[in-house]
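Undergrad: Single-letter residue listing:
2 protein chains.
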Amino acid sequence: MPETAQQDRKEDSTLKTIATHTHTKDRALRARASAVIPGGMYGHQNVGAMPEGFPQFLERGRGSRIWDVDGNEYIDFMCSYGPIVLGHAHPKVDAAAAAQQAEADCQNSPSSRIVELAELLVATIPHADWATFAKNGTDATTWCLMVARAATGRRKVLAAKGAYHGAAPWCNPRPNGTTPEDRANLLYYSYNNLQSVEAALEAAGDDTAGIIVSPFRHDAGFDQELVDPAFARGLRAICDRTGAALILDDVRAGFRLDIGGSWETVGVRPDLSAYSKAIANGYALAAVVGADKFREGARQVFNTGSFWFAAASMAASMATITAIKEERAIESMTNAGTLFRDGLAAQAESHGLRIRQTGPVQMPFLTFEDDADFRKALVFTGEAIRRGVYLHPRHNWFLSAALTEDDIAEALEVTDVAFARVRTAFGAD
Amino acid sequence: MPETAQQDRKEDSTLKTIATHTHTKDRALRARASAVIPGGMYGHQNVGAMPEGFPQFLERGRGSRIWDVDGNEYIDFMCSYGPIVLGHAHPKVDAAAAAQQAEADCQNSPSSRIVELAELLVATIPHADWATFAKNGTDATTWCLMVARAATGRRKVLAAKGAYHGAAPWCNPRPNGTTPEDRANLLYYSYNNLQSVEAALEAAGDDTAGIIVSPFRHDAGFDQELVDPAFARGLRAICDRTGAALILDDVRAGFRLDIGGSWETVGVRPDLSAYSKAIANGYALAAVVGADKFREGARQVFNTGSFWFAAASMAASMATITAIKEERAIESMTNAGTLFRDGLAAQAESHGLRIRQTGPVQMPFLTFEDDADFRKALVFTGEAIRRGVYLHPRHNWFLSAALTEDDIAEALEVTDVAFARVRTAFGAD
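Chains as they are written, first to last, in the numbering used here: chain A, 10 to 438; chain B, 10 to 438.
With the rest of the complex left out, here is chain A (with noise of 0.2 Å):
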């Protein structure tokens, strides 16, 4: 028996996860995927850079529970990369959804549910006045950059370099299809610095309309870094100075961080804020709130799409913010988020790997020492991921609700494992 095996018989028996994993199911779907999709799979769903024995297509999910096409069982550290808020499936979200879809769904106009969904953001968010509604966060964000615009009269747009804002022409983070025109009327500066923003501001001269931040920086494959307060209230003084828009986009982080915005944690509000992901534990919504400032440049822009007015998701996204609240979802995600972090570091100590874990305990990520080309990253979320659970070496991850502590338990059961091999693999820091 090669060492490797015998390790893992020894390393396995201790666990209740075992990796008897098969992909036959995942691998003809490839095939066949590979002759009617271009690249066999294409956006941040496609598994192709993953380590091996992440499946490519999913089944099911329940809670904290998810299941892929060969009936394997992993514990769900990535919640559909954010919209899984509360857990899959959660019974008061897809009973409202399924009530409101019985009744009408995508109709000539609106459902009441909108109305009351415009009512309840405004109710739970202190800088929200209005609210409108679309389906991706790219919507949400772009529609922010145009209501200020319209709102201003200007054209210049300052935002965080390397930031994820969207896949749009002006935003998708690869130049393949897009021109530089799509970015003319962009400037950038660094997050948390504040001399960076103060010298686009300058270059833009009198014609910036916004500013565009993430509550905390969490560009994919970087350690996530908190947002500075006092870079908080300086963006906040800088577009209070200029008449500039302050635009959070919240689409990744809200409702994980606060129910009521996710700089509602460093005190200040923005002008603008874009959600979508959590806002209706995982059905298609998207949304941006606003201050009264820009009701009016609000008004002006048409902002529109087929499915925009669609009851079904409004309805989701009520009950979705309603259990957020009445569960304490926020409050489980970060004991959860803490259990996890604390077992994580742990483990790595006594394994004498250096680790860093960074952002909220609600959004982790992990990244290992020397590990630029995310080689122990890959060693080690594909051991976990053999072992049933989900995590990602690149991305950050993201908790739900229904995680409990024995899910955590039983994860870091296996990321002992994983650590083990990272050690065996690269030896310690």
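Nothing false has been slipped in among the hints.
Any copy, or any two copies together, can satisfy a pair, since identical chains are not distinguished.
35 Å max Cα-Cα, derived DSBU-like pairs, lysine-lysine:
id: 1; residue 1: K334; residue 2: K34
id: 2; residue 1: K302; residue 2: K34
id: 3; residue 1: K101; residue 2: K34
id: 4; residue 1: K302; residue 2: K334
No wet-lab data here; the hints were simulated from the structure.
Chain A is fixed; fit chain B onto it per the hints.
TA: Frame of chain A; chain B shown alone:
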């Protein structure tokens, strides 16, 4: 009794649908909406500029019928501005979506539905060798431009003056919130005018990445215009000659004119087609299908959204496309549309009114002689909505396969009264 009230009584006595509509709940909701939604409502479903009697809020849909929040019933000739092609709450479509939703919708990866749906589109649409998915029609049209640019390494795209391709900054029909740079790489031609295309092509030099075109001219507020087959063939020849992508924006017309793509009717096959609206009978989904020649370009462009891989709307789409075929939905819409068009023509003539009925009968539009300001159209559709027939004064209508001959007969009873009112108000032509 005033003259019009007498007339009302006489005319309405022949109608099953009596004008007893009240809008108490609708008015109360509008008041609430004005506090929390900019302008009270926004986008194409804002009824602010519609005749009195149009409800802002709808509650229920079944087959060819819809109900507003005050319980008023209407025969639906707008079909949610296109998405509803089989009728509201189609049992097979809703069952397919609900069954999928019960397993999973938005996950860390797509379900096998994405492969099955891509295969179905490739099997159904002759020019399609592959497919990708998104949420909005605008996602699909925007991505077609990106693919054309990535594939050709060129920047310029030719579009028809006044055509609607979505609400993103590059195509938004209003200037508010957009910048000149958003359209720096667009050149415009006149629909059905090949000479104007050649002129735009010359202006673009050797930098033309693609030509985007609607299957027929359906600019809102104008008589519709069917495509001249020689124009379609001419565009195909230009694209073959130059290597530019021929992009068919089939978002509005797709699955109503021809199951294989709207230009199958004229025998011209595009390189890329954008779909949305009717693709899933009301569930939020968009797709791009393309020829092998553009597969590599498609692979290169980063294309993603939080909900773009969600399975329920894909299951709905497969059920929709299958039902369109099995139930001969396009034939049904054509029959109903022909009956309606013939009936309207006879009625207008009998009232001494000159009208124009344009576009395919499945997506008809009616305008009055000497009515550039739509005053006659407003009276006509205002009288119709009060009597339970939902038409639109400025936008093409959409028929569904749920419309029966009895529905058309009932609607024609109403339009006969509405024409009489136009004649009373404006005189004969």
